[in-house]
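Chemist: Residue numbers (full-length UniProt numbering), protein chains in the order written: chain U, 1 to 220; chain W, 1 to 220; chain C, 1 to 220; chain D, 1 to 220.
Be aware that one or more of the hints could be misleading.
Unchecked claim - Straight line, CA to CA, 25 Å or less: simulated BS3-like cross-link-like pairs of lysine-lysine:
(1) 159(C) x 134(D)
(2) 159(W) x 159(C)
(3) 164(W) x 134(D)
(4) 164(W) x 201(D)
(5) 134(U) x 116(W)
(6) 201(D) x 201(W)
(7) 116(D) x 164(D)
(8) 116(D) x 159(D)
(9) 116(D) x 134(C)
(10) 94(C) x 116(D)
(11) 94(C) x 94(D)
(12) 134(U) x 164(U)
(13) 159(U) x 134(W)
(14) 134(C) x 164(D)
(15) 17(U) x 201(U)
(16) 159(D) x 134(W)
(17) 201(C) x 201(U)
(18) 201(W) x 94(D)
(19) 164(U) x 134(C)
(20) 201(U) x 164(C)
To be verified - Rough simulated footprint, nothing fancy, chain W against chain U, three-plus residues with beta-carbon under 8 Å:
(21) 65-77
(22) 83-92
(23) 101-108
Said to hold, decoys possible - Some residues of chain U that are not near chain C, with every Cβ distance over 10 Å (derived):
(24) 9
(25) 17
(26) 40
(27) 44
(28) 52
Derived from the structure by calculation, the hints contain no laboratory data.
Built from N, CA and C at the ideal position, the CB exists for glycine as well.
There are 4 protein chains.
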Amino acid sequence: MILITGASSGLGAALAKLYGKESPICISGRNSDRLQLVATDVGQPCQTQVTDLSDADAVAALFNSLTTTPSLIIHCAGSGYFGPIETQSPEAIKDLLNNNVTSAIFLLREAVRRYKDQSVTMVMVMSTAALVPKAEESTYCAAKWAVKALIESVRLELKSSPMKLIAVYPGGMVTDFWPTSGKEANTNSFMSADEAAGMLKQALQSTEHGYISDLTIARG
Amino acid sequence: MILITGASSGLGAALAKLYGKESPICISGRNSDRLQLVATDVGQPCQTQVTDLSDADAVAALFNSLTTTPSLIIHCAGSGYFGPIETQSPEAIKDLLNNNVTSAIFLLREAVRRYKDQSVTMVMVMSTAALVPKAEESTYCAAKWAVKALIESVRLELKSSPMKLIAVYPGGMVTDFWPTSGKEANTNSFMSADEAAGMLKQALQSTEHGYISDLTIARG
Amino acid sequence: MILITGASSGLGAALAKLYGKESPICISGRNSDRLQLVATDVGQPCQTQVTDLSDADAVAALFNSLTTTPSLIIHCAGSGYFGPIETQSPEAIKDLLNNNVTSAIFLLREAVRRYKDQSVTMVMVMSTAALVPKAEESTYCAAKWAVKALIESVRLELKSSPMKLIAVYPGGMVTDFWPTSGKEANTNSFMSADEAAGMLKQALQSTEHGYISDLTIARG
Amino acid sequence: MILITGASSGLGAALAKLYGKESPICISGRNSDRLQLVATDVGQPCQTQVTDLSDADAVAALFNSLTTTPSLIIHCAGSGYFGPIETQSPEAIKDLLNNNVTSAIFLLREAVRRYKDQSVTMVMVMSTAALVPKAEESTYCAAKWAVKALIESVRLELKSSPMKLIAVYPGGMVTDFWPTSGKEANTNSFMSADEAAGMLKQALQSTEHGYISDLTIARG
Chain U
1 MILITGASSG
11 LGAALAKLYG
21 KESPICISGR
31 NSDRLQLVAT
41 DVGQPCQTQV
51 TDLSDADAVA
61 ALFNSLTTTP
71 SLIIHCAGSG
81 YFGPIETQSP
91 EAIKDLLNNN
101 VTSAIFLLRE
111 AVRRYKDQSV
121 TMVMVMSTAA
131 LVPKAEESTY
141 CAAKWAVKAL
151 IESVRLELKS
161 SPMKLIAVYP
171 GGMVTDFWPT
181 SGKEANTNSF
191 MSADEAAGML
201 KQALQSTEHG
211 YISDLTIARG
Chain W
1 MILITGASSG
11 LGAALAKLYG
21 KESPICISGR
31 NSDRLQLVAT
41 DVGQPCQTQV
51 TDLSDADAVA
61 ALFNSLTTTP
71 SLIIHCAGSG
81 YFGPIETQSP
91 EAIKDLLNNN
101 VTSAIFLLRE
111 AVRRYKDQSV
121 TMVMVMSTAA
131 LVPKAEESTY
141 CAAKWAVKAL
151 IESVRLELKS
161 SPMKLIAVYP
171 GGMVTDFWPT
181 SGKEANTNSF
191 MSADEAAGML
201 KQALQSTEHG
211 YISDLTIARG
Chain C
1 MILITGASSG
11 LGAALAKLYG
21 KESPICISGR
31 NSDRLQLVAT
41 DVGQPCQTQV
51 TDLSDADAVA
61 ALFNSLTTTP
71 SLIIHCAGSG
81 YFGPIETQSP
91 EAIKDLLNNN
101 VTSAIFLLRE
111 AVRRYKDQSV
121 TMVMVMSTAA
131 LVPKAEESTY
141 CAAKWAVKAL
151 IESVRLELKS
161 SPMKLIAVYP
171 GGMVTDFWPT
181 SGKEANTNSF
191 MSADEAAGML
201 KQALQSTEHG
211 YISDLTIARG
Chain D
1 MILITGASSG
11 LGAALAKLYG
21 KESPICISGR
31 NSDRLQLVAT
41 DVGQPCQTQV
51 TDLSDADAVA
61 ALFNSLTTTP
71 SLIIHCAGSG
81 YFGPIETQSP
91 EAIKDLLNNN
101 VTSAIFLLRE
111 AVRRYKDQSV
121 TMVMVMSTAA
131 LVPKAEESTY
141 CAAKWAVKAL
151 IESVRLELKS
161 SPMKLIAVYP
171 GGMVTDFWPT
181 SGKEANTNSF
191 MSADEAAGML
201 KQALQSTEHG
211 YISDLTIARG
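Please model the entire structure based on the sequences and the hints provided.
Modeler: Put into structure tokens, the structure is as follows:
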């Protein structure tokens, strides 16, 4: 089966619809109503699990709810928050770190605890903000660079493990992310989440001796 | 005057002793007793300020306590936590992020709010773990890469500001950091905090048109 | 049509066979006999062009030989050379730089001259050696980091151009590269060039608003 | 003694004047007349050696000319060349690679051959162009990233050696570099070579257990 986090909107929801057509999936998110809407869209039987990934016990409960070992875990959960550093609010900064860093650590930690001796592929979706510094995105870049460091460090720990970590860096997409991020963005030229999901799914192939381990999805 | 955080031990304490001989300084840390011991070592009058930097109000209070604008702020506060990802505890991970990421963001945010139009030099001390991924240091690297991203992004925001951000990446030092980090390290060949402080102080010079903006201090 | 350099062996040859089935292609390489063998394997009509890419006039001649603007250019040409720095020979170092750096610059330069206002996709195949430093691969890493810098800089110049630059970083493949590189490698677990070519082709898709701009193909 | 390359102008000449006051030095460059002028400025006895560092035999001859093992080698030689990629000339690109990449490799290779078991410090001066991609500096960035990769890879080879490699990334200086580079730059706010040399010398200190291994010198 396939586990998708952050599936109540955006890229996570688009991936749920794509993968749900062909495999049993479990989708997780923080908002129960929106998660149900996505499940309805999927059409096929689809497990939903409301989870706050920044709570380690809730992450364990999410994995406990799975009826089989997932062959693929796609971590899309995350949130955005922008603006010049001096205008950012302490509470929003804490939320940003919880939603992007703590949650990624807890999810990866729990997956490694359970599956490090199994052929599980774990896809960590970040942002191009993980690759460069950006003005007015300082705390968002901080959060995303943290996840990149986490992935690259844990890869070193998994060198002789069958578990695979895949890093995905998408550029700007047209999703609900923007209206709630506090940043105005002209999203006309942005990819739709469906476009990004299609490209990602097609690239997430592997062969007997290789796989695409890192990919950036650009606008344009 | 000069403000030094994380001054109750290690590099921060060593810098306090060096700078305290020639300038008025304010030292901050979480442990009042140890901070007093450092103040005594400094010899000269030296303001101490017990501060939890992961509390934005406490950070504001720290700056409010300063009697003049600091010409130099050296942020040394931070803590270490290590081990394979699957053995790390959720509570210790949260503490690590608070002590290294949230605190650096809140300190830099408050400094930029107050001083972005002034000639203030802000030195952010990280670790060589901010530069590469490391096995058994995944969350520590995550925290340190986050601070590097923060600095490099805020620099872009400060392009036309007289404020300067300096990034410092020290390698392993012999400090109290290790006994409390959960990692065994043979520190025989490590630098002392005094050695690192001396090199850092000497490098933190500037001229009319230039300054050393990034430096790595290596063992060996 | 599609232009593939370095097509006389390895990944270039494997891509020629894949793409040649469905599109007119031009394949270039330094060795005429081997290029002919690949053309025979392709089966379909396939233009061959013997080219020394480190000669700017030869690069211009290669493009002049194309009957239409290529929609896709895949630059696979390159060579390997390894060993501790003090054991490397000056002549081999010069060849390495010519085969990997000068040739990539001249090819990209000529393509931008001709096509910067057209929808041409240019894929630059490097190596995971472009992403990290490696002992006993110092000059090879130097050559590959140079090409990465070239691509990322030229991308900034092409910001408002319809031309796209795609960066590909493959890990170790089982190819003729190794016997001639001076490095012993146990290639049992390496990907075949055919496996890498298949994954690359499948990932080199684009949609109306997006495309995969950077990808790493890992062994394992 | 101290060996300084690229000493006939700019940072190399400024360092020659600083170090020449206190140590025996050998200065190398391509232009004999300018090298003599610098030697005259140094005042103290100062060996001059005209050398084309992109010729491995000439590099060996340079080291053969030294009467003692140098404790410090500062490699400043290099040249600049800029412009949109499609406007750059093939000859100038080849010169750029020779002057910056081949020369750095040959110098480091010869130094490691001779001194890898001795306490020799080798300082490699690059540019901030080694740290980021830049529009209209694509081949220059390529050359500088190559040298960075070289240094970081050879460091891995020298892990148990007493030899130290130091990487220096200066920002824009007011030197003869600009009039000959083909790029117009308003150098009013740039550092003088003397300012950069002073900061570099002061930072190139070491203690029993540590040293500054990487430093960026910024304008501003």
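Chemist: All the hints need checking, so say for each whether the structure fits it.
Modeler: To see whether the hints hold, each was checked on the structure:
Proximity of residue 159(C) to residue 134(D) is assessed by CA-CA distance (about 12 Å); at most 25 Å being required, the pair is judged to hold. In summary, the hint linking residue 159(W) to residue 159(C) is supported, as the alpha carbons are separated by about 22 Å, within the 25 Å threshold. Proximity of residue 164(W) to residue 134(D) is assessed by CA-CA distance (about 22 Å); at most 25 Å being required, the pair is judged to hold. At roughly 21 Å between alpha-carbon atoms, residue 164(W) and residue 201(D) fall within 25 Å of each other, so this suggested pair holds.
Pair hint residue 134(U) plus residue 116(W) holds up; C-alpha atoms about 18 Å apart against a cutoff of 25 Å. Restraint check for residue 201(D) and residue 201(W): the C-alpha separation of about 14 Å stays at or below 25 Å, so the hint holds. Our distance criterion of 25 Å between C-alpha atoms is met by residue 116(D) and residue 164(D), whose separation comes to about 9 Å. At most 25 Å may separate the alpha-carbon atoms for a hinted pair to count; residue 116(D) and residue 159(D) meet this at roughly 10 Å.
For the hint pairing residue 116(D) with residue 134(C), the CA-to-CA distance comes to about 18 Å; that is within 25 Å, so the pair holds. At most 25 Å may separate the alpha-carbon atoms for a hinted pair to count; residue 94(C) and residue 116(D) meet this at roughly 23 Å. Using a Cα cut-off of 25 Å, the hinted pair residue 94(C) and residue 94(D) holds, with the two alpha carbons roughly 11 Å apart. Taken as a hint, the residue 134(U) and residue 164(U) pair is broken in the structure, with Cα atoms around 29 Å apart against an allowance of 25 Å.
The suggested pairing of residue 159(U) with residue 134(W) holds, with an alpha-carbon distance near 12 Å, which does not exceed 25 Å. A C-alpha spacing of about 17 Å is found between residue 134(C) and residue 164(D), which places the hinted pair at or below 25 Å, so the restraint holds. In summary, the hint linking residue 17(U) to residue 201(U) is supported, as the alpha carbons are separated by about 11 Å, within the 25 Å threshold. Taking the CA atoms of residue 159(D) and residue 134(W), the gap is near 17 Å; set against the 25 Å cutoff, the hint holds.
At most 25 Å may separate the alpha-carbon atoms for a hinted pair to count; residue 201(C) and residue 201(U) meet this at roughly 14 Å. Between residue 201(W) and residue 94(D) the CA atoms are separated by roughly 42 Å; this puts the pair beyond 25 Å, and the hint is violated. A threshold of 25 Å between alpha carbons decides the hint, and for residue 164(U) with residue 134(C) the separation of about 22 Å falls inside it, so the pair holds. Distance restraint check for residue 201(U) and residue 164(C): the Cα-Cα separation of roughly 21 Å lies within the 25 Å cut-off, and the hinted pair is therefore satisfied.
Under a criterion of three residues with beta carbons nearer than 8 Å to beta carbons of chain W, the stated coverage of the segment 65-77 of chain U fails, only 0 such residues being counted. With 5 residues having a Cβ less than 8 Å from any Cβ of chain W, the segment 83-92 of chain U passes the three-residue criterion, so the hint holds. Counting residues of the segment 101-108 of chain U whose beta-carbon sits less than 8 Å from any beta-carbon of chain W gives 5, enough to reach three: the coverage restraint holds. Every Cβ of chain C is farther than 10 Å from the Cβ of residue 9(U); the closest lies at roughly 18 Å, confirming the non-interface assignment.
At roughly 16 Å, the least C-beta separation between residue 17(U) and chain C is larger than 10 Å, which holds for a residue marked as non-interface. The beta carbon of residue 40(U) is kept farther than 10 Å from every beta carbon of chain C, the shortest such distance being approximately 25 Å. Taking the minimum C-beta to C-beta distance to chain C, about 24 Å, the non-interface status of residue 44(U) holds against the 10 Å cut. For residue 52(U), the shortest C-beta to C-beta distance to chain C comes to about 31 Å, beyond the 10 Å cut-off, and the non-interface label holds.
When held up to the earlier numbered hints, the structure conflicts with 12, 18, 21 and fits the remainder.
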